[in-house]
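Colleague: Here is how the chains run, residue by residue.
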Amino acid sequence: MLESLLFYVLSGLAVGASALVIGQRNAMYSVLLLIVSFAALAGLYIGLDAPFVAMAQMIIYAGAIMVLFLFVVMLLNAPQEDAAEWDRTHPLKRPGFARIGVVLAVLLVAELGWALAKVMSLGAPVGGRADGATISSVREMGRVLFTQYSFAFEATSVLILVAMVGAVVLARREGDA
Amino acid sequence: MNVQLLAQFIVIFAAFFLLVNMSAVLVLAERKVMGFMQQRYGPYLVGPHGMLQPFADILKLLMKEELRPKGADKWLFTLAPVLAVTTAFAAFATVPFGGETTLFGLLDAPLKLGAADVNVGVLVIFAITSMGVYGIVLAGWSSNSKYALFGGLRASAQMISYELSYATALAAIIMLAGSMSVREMVDSQTGYWFGVIPKWYIFIQPIGFIIYFIAGVAETNRAPFDFPEAEQELVAGFNTEYSSVRFALFPQAEYINMVTVAAVATDLFLGGWHGLLPFRTPLDGLIEYWNVGWLVFFAKIGGILFFYIWMRWTVPRYRYDQLMKFGWKWLLPASVINLLVTAAAVLYFNA
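Residue numbers (this note's numbering), protein chains in the order written: chain A, 50 to 226; chain B, 1132 to 1482.
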């Protein structure tokens, strides 16, 4: 009873905050609402008996990444978007881009539907294991990550490293050693 | 059962009460220690030896006019100090401050001293502390003042730089203890080497402790790392535009965060409530007999907090680029090497 109530409250919060993120004209509020959404998501993970994932969500997404977002928003000190000006001049408002956007949106919805259909057909709760070990065990998670999924893990870390090196190369000014 | 629950509530309330008052006590302690170090008396007029000065301070802050700059963001300007102080309180939730006790035989079953015991406790502390930066950043941004904005920017840059070293130093301890529950980590430090030296992690991880402490000072924005409020450059930094109660919440959050850093350092490096001094004394037996480990715990916290204040009035403030360089080029590599060496040692000795 309490668990399902918590689930609905947190999911409502997550979905509502995410919707408001797009609806805001002030970038600062968008960032803050995104943090609220992430925090609600972390709460949902705790409900799924995965406290480690919840805390990782809080530390990495709500903590580190959103601070970077906030930092950039503050550094640019973006003024509130002017609706009329936006409509007239923004490059994303050109018809060609709009069409690509529509295609991507349809793709996203199709993907979401496919994923949900697949989850439905599983019949068992996601993350449950036959031998009764829950996902909450950090030890078990580390073992799986470095054996069964080691390729995906290493590939992801290389991807992040490439992005980081790229950022450094782009940020370096001419003449810097 | 109900008595047990009530006792747990009392413990939680005691922790809260302690934190609320700690900030007032620390302000007085800071001024007194500063006075002593500068060969003067410090506050002396209110009460005997100025001991009632916190009451005067609080009354003054409560009765000031509450101002809000015209161009300030109404919602975020109010939210920021609340956020800062809430996260400061919440971070203490998973910090245990004593072993199991029956409160001198009042309870049937032993009670764990500490608000909550979670099996990922260290991560909870870390996650909530990393939320604390939002209070400062939002205060800086919403004030609509360039000094405050710079303070907020500096705070966010500084905190994400030092959070990495902070977490890496903690990760080494997690590996040694083989657990993420703070209580289990404290209890893995019970006992003595050669019957004399307590099994504290500071003796295995001296570099880890130094890194943790430096990063902790930087996280709490204390001197010599108090750039978000560097007076000479930024008036008062992120809280320039704040007044009255809203202003008071920021120093309060800062002092509570200091207590949390000191408490976590005590729990993870200094053996928590096990052993008062870094060598075995007859006193330890007495403490175990009376089961008053929490007194030991608070004594250690007091020692670390005194060191905090001592450092503030001894070391001059860094320069901002030096701070960044130090964080990324020295502290982070040192903590990563420390982590790798610890991992290798753990793997070698108890694989």
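Honestly, the hints are just simulated from the structure, not real lab data. Wrong hints could be hidden among the right ones.
What the hints assert, rightly or not - Chain A regions said to be covered by chain B (calculated; three or more residues, Cβ under 8 Å):
#	segment
1	66-72
2	209-219
Unchecked claim - Pair by pair, the computed Cβ-Cβ distance ranges are:
#	chain 1	residue 1	chain 2	residue 2	range
3	A	56	B	1155	38 to 46 Å
4	B	1148	A	52	25 to 33 Å
5	B	1481	A	201	23 to 31 Å
6	A	157	B	1337	28 to 36 Å
7	A	52	B	1426	37 to 45 Å
8	B	1133	A	211	32 to 40 Å
9	B	1323	A	198	41 to 49 Å
10	A	150	B	1189	51 to 59 Å
11	A	161	B	1437	50 to 58 Å
For clarity, every value in this text was computed on a predicted model and none was experimentally measured. Glycine included, C-beta positions come from ideal geometry on N, C-alpha and C.
Colleague: Take the hints in turn and mark each one as holding or not.
Modeller: The hints, checked one at a time:
1. 66-72: violated (count 0)
2. 209-219: violated (count 0)
3. A:56 <-> B:1155: 38 to 46 Å: The hinted range 38 to 46 Å holds for residue 56 of chain A and residue 1155 of chain B, with Cβ atoms some 41 Å apart.
4. B:1148 <-> A:52: 25 to 33 Å: Roughly 32 Å apart at Cβ, these two residues keep to the hinted range, so it holds.
5. B:1481 <-> A:201: 23 to 31 Å: The hint (23 to 31 Å, Cβ to Cβ) holds, given that residue 1481 of chain B and residue 201 of chain A are roughly 29 Å apart.
6. A:157 <-> B:1337: 28 to 36 Å: violated, 52 Å
7. A:52 <-> B:1426: 37 to 45 Å: holds, 40 Å
8. B:1133 <-> A:211: 32 to 40 Å: violated, 59 Å
9. B:1323 <-> A:198: 41 to 49 Å: Once the Cβ atoms are compared, 42 Å apart, the range 41 to 49 Å for residue 198 of chain A and residue 1323 of chain B holds.
10. A:150 <-> B:1189: 51 to 59 Å: Given a distance of about 56 Å, which is inside 51 to 59 Å, the answer is holds.
11. A:161 <-> B:1437: 50 to 58 Å: holds, 57 Å
Violated hints, listed in ascending order, are 1, 2, 6, 8; each of the other numbered hints is respected by the structure.
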